[in-house]
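Visitor: Sequence:
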Amino acid sequence: MKRLIIATTIALGLVCAGSGSAAQDQMRTTNLQNVTVNAPGQYETYVLDLPMGYGFEAFVGNTHRQYVQAQQAAESSEALRKMGMAPQPYVAVAVDNSTGPGVAKQFQLIDSAQNTVAIVNVYCKRVAPSGGKRCLLAPQSVSLSQRLASI
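Heads up: the sequence shown runs through residues 1 to 151, numbered per this note's numbering.
In short, the hints are calculated from the structure, not lab data.
Since we're looking at a predicted model, the values are computed, not measured.
Have a look at the derived ranges for each label pair, beta carbon to beta carbon:
1) P51 with G84: 18 to 26 Å
2) A128 with K82: 28 to 36 Å
3) A79 with A128: 28 to 36 Å
4) A79 with K125: 29 to 37 Å
5) S98 with A138: 15 to 23 Å
No residue lacks a Cβ here, since even glycine has one placed at the ideal position from N, Cα and C.
Let's have the full structure, built from the sequences with the hints guiding it.
Guide: Below, the structure is given as structure tokens:
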């Protein structure tokens, strides 16, 4: 009887370990051309490198729950960046793509002297095209005359 209990315990342990491994495999991140789609049910991440030595990162929530997760991730990333502890100098924002047919937002990146150093437009569709991205990040160049005009 003791051997049967021990054998059953070992068998159950191996089955549980195998299912834990399978669950971890589903949580892998997939990278597609500056787009990171986390595990199903999580927000999407879009990254844009800007010429000033830093970048722009948009966390896009396609449901309300994903948007809340995206907001928390953006706030955490921004706090680390402002403390100088971020692994990469990306300005992070959260975008709510959970209502309507899509969303279009414009973000202005401003330096410490209140000069606009970059403008990034974010366009998102509610439904992703087959094999495509839901969102597009479109930077606008900011010339010296535009900077002086805004002072």
